[in-house]
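Participant: Each chain is listed here by its residues.
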Amino acid sequence: MASAFSFTPASHSSTPSHALADWFRGTSRIGTWLPLAWYDICLRYRRSMLGPLWLTISMGAMLLGMGPLYAALFGLPMHSFFPHLALGMVFWLFIAGTINESCGVFTQSAGYLKHADSPLSLFVWRLEARQAVQLAHHALLYLPIAWWAGIRPSAAMVMFIPGFLLLVFFLHAIAMALGIMCARFRDIAQIVSSLVGFLMFLTPVVWQPETLPPRMRFVLDNPFAILLSLVRDPLLGKTCSSDAWISGVAWTVAAVIVSFLVFAWKRRQVVYWV
Amino acid sequence: MALLELRGVSIDLPVFGFDAASLKKTVARTVTGGRIKFDTGVTVVRALDGISLTLRDGDRLGVIGHNGAGKTTLLRTLAGVYPPSQGTYLRKGTLVSFIDPMLGIEMDATGYENIRLRGLVMGLNHATISRLSPDIAEFSGLGDYLAMPVRTYSAGMLMRLAFSIVTSVRADILLLDEWLSAGDADFRQRADQRMREIVANTGILVLATHSPDMVQRECNRVMQLSHGRTASDEPVLERLMSFW
Numbered sequence: 002m003a004s005a006f007s008f009t010p011a012s013h014s015s016t017p018s019h020a021l022a023d024w025f026r027g028t029s030r031i032g033t034w035l036p037l038a039w040y041d042i043c044l045r046y047r048r049s050m051l052g053p054l055w056l057t058i059s060m061g062a063m064l065l066g067m068g069p070l071y072a073a074l075f076g077l078p079m080h081s082f083f084p085h086l087a088l089g090m091v092f093w094l095f096i097a098g099t100i101n102e103s104c105g106v107f108t109q110s111a112g113y114l115k116h117a118d119s120p121l122s123l124f125v126w127r128l129e130a131r132q133a134v135q136l137a138h139h140a141l142l143y144l145p146i147a148w149w150a151g152i153r154p155s156a157a158m159v160m161f162i163p164g165f166l167l168l169v170f171f172l173h174a175i176a177m178a179l180g181i182m183c184a185r186f187r188d189i190a191q192i193v194s195s196l197v198g199f200l201m202f203l204t205p206v207v208w209q210p211e212t213l214p215p216r217m218r219f220v221l222d223n224p225f226a227i228l229l230s231l232v233r234d235p236l237l238g239k240t241c242s243s244d245a246w247i248s249g250v251a252w253t254v255a256a257v258i259v260s261f262l263v264f265a266w267k268r269r270q271v272v273y274w275v
Numbered sequence: 152m153a154l155l156e157l158r159g160v161s162i163d164l165p166v167f168g169f170d171a172a173s174l175k176k177t178v179a180r181t182v183t184g185g186r187i188k189f190d191t192g193v194t195v196v197r198a199l200d201g202i203s204l205t206l207r208d209g210d211r212l213g214v215i216g217h218n219g220a221g222k223t224t225l226l227r228t229l230a231g232v233y234p235p236s237q238g239t240y241l242r243k244g245t246l247v248s249f250i251d252p253m254l255g256i257e258m259d260a261t262g263y264e265n266i267r268l269r270g271l272v273m274g275l276n277h278a279t280i281s282r283l284s285p286d287i288a289e290f291s292g293l294g295d296y297l298a299m300p301v302r303t304y305s306a307g308m309l310m311r312l313a314f315s316i317v318t319s320v321r322a323d324i325l326l327l328d329e330w331l332s333a334g335d336a337d338f339r340q341r342a343d344q345r346m347r348e349i350v351a352n353t354g355i356l357v358l359a360t361h362s363p364d365m366v367q368r369e370c371n372r373v374m375q376l377s378h379g380r381t382a383s384d385e386p387v388l389e390r391l392m393s394f395w
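Taken in order, these protein sequences are the chains called P and E. Take the first sequence: its position 4, counted from the start at 1, is 5 in the working numbering, and no numbers get skipped. Take the second sequence: its position 99, counted from the start at 1, is 250 in the working numbering, and no numbers get skipped.
Bound conformation, chain E alone (with noise of 0.2 angstroms):
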């Protein structure tokens, strides 16, 4: 019984150092995503502005937008990595974010140590990553590579590391930043499968993306930011046909 929910959820980043109010300051505003206001030296940027969303079991979220609307802010409020500065979050399930499956990957190490690396930093206890590995290791299809240090990977084979790792937990809620996908032809064949089970397999999937085949093919909610606010949240096909 998963829920995710956001009441009025603003977040506002701190922006240090930066210089008295100058023109630049009136370029900045119109090129980058939030509303930029000024207090006490310290610039303050808006990044989401009174967001509200509730999500359960069954729900498949699309975001869109700009560049530097807020979707990566939003799904790390999302993963409760940022107390809002205004509103309320709460959550229901566990949760695993797949925004950066390449964090705590260690070049020195050898792939089968950055399989326990990174399982540790995903949280999972030492037991849990034995259990997993051989069906990590197989599923990368990287074999005798994975004794090796991960400095003499190509970026795929890196990439396939990364996402065998990563997708081998299972979690109520899923955070997405662009669909996941690695390697060649074929690896992303295996991948992409994988990916539709889990999905298949979650309560509650948010996913950040720009390109609208993703949405229509797995979302069924879509929400558009735009410099921080959203427009709607509304059924996936009434609001790609605007934005579009």
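Next comes chain P alone, as it looks inside the complex (with noise of 0.2 angstroms):
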């Protein structure tokens, strides 16, 4: 691989400045993971007739499946839950989707990694990014959605972007961090395999948060859920909360400062693990 440093590689420092430059420098490459994250999906439905439209069809599938059953369940009317469960679903796969798939992010590119001097960022983004090209295809869904539910394009829903961001660089602080110790301890994958199916439930992913009892308010109290919120509330033509922002921001830094320390300490160390 065609590289151009004039002084010994940032990689090879253990130092934080130059552990943020490698950052940088694997997140620059955008002209690099993008195209790949879009030829990962476009290869892996090469040969299939609708190819990647199949993500939306089997998320819409899913969708005219639970809907009607989740609404008579709980007892709600189907123009305020099926924009919610929809949105839901689709976002937590986003999210479980970077989260699980995180765990494998460098020991299945131990080729690349020992090829040639590569930032590890750019694995993290190519994931992301082919993540959220899925997103992007089961995000289709809602526009139908929305329309019937008459949800129409509001000022609110501009909020969306700073939240998703939020959300964005959250998953990327969890999946370095994961990726970095699933490469060194191999069965932490079936852990957070295990969590993230925990998660899911405790997540008001097709529960509406209105419907807990004060109680147990708590539960809504992690960073999941937050988050979640930041990004479905303004689709859905509402508002959050200043305590809502303040407490997505605060978790994103939290999260971005824990993965950052990871990273710094122990990226050196990847290539000799995977």
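Don't read these hints as lab results, they were simulated from the structure. A quick note: this is a predicted structure, and the numbers were derived from the prediction, not measured. One or more hints might be untrue.
What the hints assert, rightly or not - Have a look at the derived ranges for each label pair, beta carbon to beta carbon:
1) P:Asn223 - E:Tyr263: 42 to 52 angstroms
2) E:Val166 - P:Ala157: 55 to 65 angstroms
3) E:Ser377 - P:Ala255: 44 to 54 angstroms
4) P:Trp55 - E:Gly238: 45 to 55 angstroms
Yeah, the Cβ is synthetic: ideal placement off N, Cα and C, and Gly gets one too.
Reconstruct the complex from the two isolated chains, following the hints.
Facilitator: Below you can see the structure in the form of structure tokens.
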């Protein structure tokens, strides 16, 4: 791989400033990881009839099944429940997919890591971009659902963008830390997978947070619930409280700091571990 | 002005999951290349031990040694993949590694798509790949096959494609694990010529090989590795006489 350092590469140093430089080096190579992420999706669906559109169709089938059933079970009106469910499932698949796949993000790229001096962040962004492409395919379904439920574009929807950015960086931090740890200890992946499954029920993906009795409200304090509400509520036409925003930012910053410490401390070893 | 320098570099490769000391390990120590130490349940193989090396423009280094001596590890260290456990590593200039031409090749993608994919893996951007694609396609000589998925290719065709892509980039420093060649006699002739051009235009060449002819022909310095250590780094002829 052609690269153009003029001195000892940043990847060899253990100082935080070099770690940060190395992270930026990977992030700036969007011309590499974004097309690769897109190809990952296309190639997976090559030789299938409808290609990546299957992503949309399978999500649609799941929502059509879950929507009426759960609405009846919870005794909720479909007009308010269905969009909530659709967005919940769509974003949860993005979150769960990113976290679960992050366990193998470096171990599965061992060939690339040992071939040339590649920044770790490049692989994490590739993973997240791939998940985001899938998210986009799933999210197409929200348009007809929102239209049917009477949700119209409003100014409040703009707040989806900062919410989504927070989620992206929160997940990136988690993915990086998990990827590094799983390169060393191969059983962490199973633990993560169980935890993510558990979190899906703890987080208001399907159920609506308003239905929670007051003494159980602490359940909503988990970062996934908070960030999910920051991306979902704007698209439902609602505004989030400033408390939710402060919380979301705080969790993201905390995750980024912890993840960066793990990254700066252990990134040089990853190529030895895979 | 390319420069590649290692000073007292040692590479310790951790091996996890190794069982407690056993007869097997004693036997393993004699047949594998590295010298094995034991440390808190994690086995550490010292793949390179105190290697010092300075390469400048015009240097053509041949690396020879028995299987497991550390040639590939040395190449990876020179590529900047392994941060040294001890010692320092310094590089000036661009570097391209021809060690694994098949890396990034996707079987279900077409020849053209693989040119793009392999180019991305090499760190090239969209515009550069588009610019290089016609030459790569033409050099490979695969014609209409490039529009078909590469899983339909024969092994030789695949290597021709990989070779054409990998040799389309130029850099100051070139790392080779065995001389790169592929395809039928006709293609091999063109491939050799291209390799010769690339080597002639490159600042530093490092070639790991088992072939004395190769070293004789292409290199002006040779390093012999044995169990991770280097015996010497001398002008070619004397070393070859004593090695073979």
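Participant: Now look at each hint and say whether the structure bears it out.
Facilitator: Do the hints match the structure? See the list:
1. P:Asn223 - E:Tyr263: 42 to 52 angstroms: holds (47 angstroms)
2. E:Val166 - P:Ala157: 55 to 65 angstroms: With Cβ atoms ~56 angstroms apart, the hint holds.
3. E:Ser377 - P:Ala255: 44 to 54 angstroms: Taking Cβ atoms as reference, serine 377 of chain E and alanine 255 of chain P lie about 51 angstroms apart, which means the hint holds.
4. P:Trp55 - E:Gly238: 45 to 55 angstroms: holds (52 angstroms)
Figure legend: structure checked against the earlier numbered hints; every hint is met.
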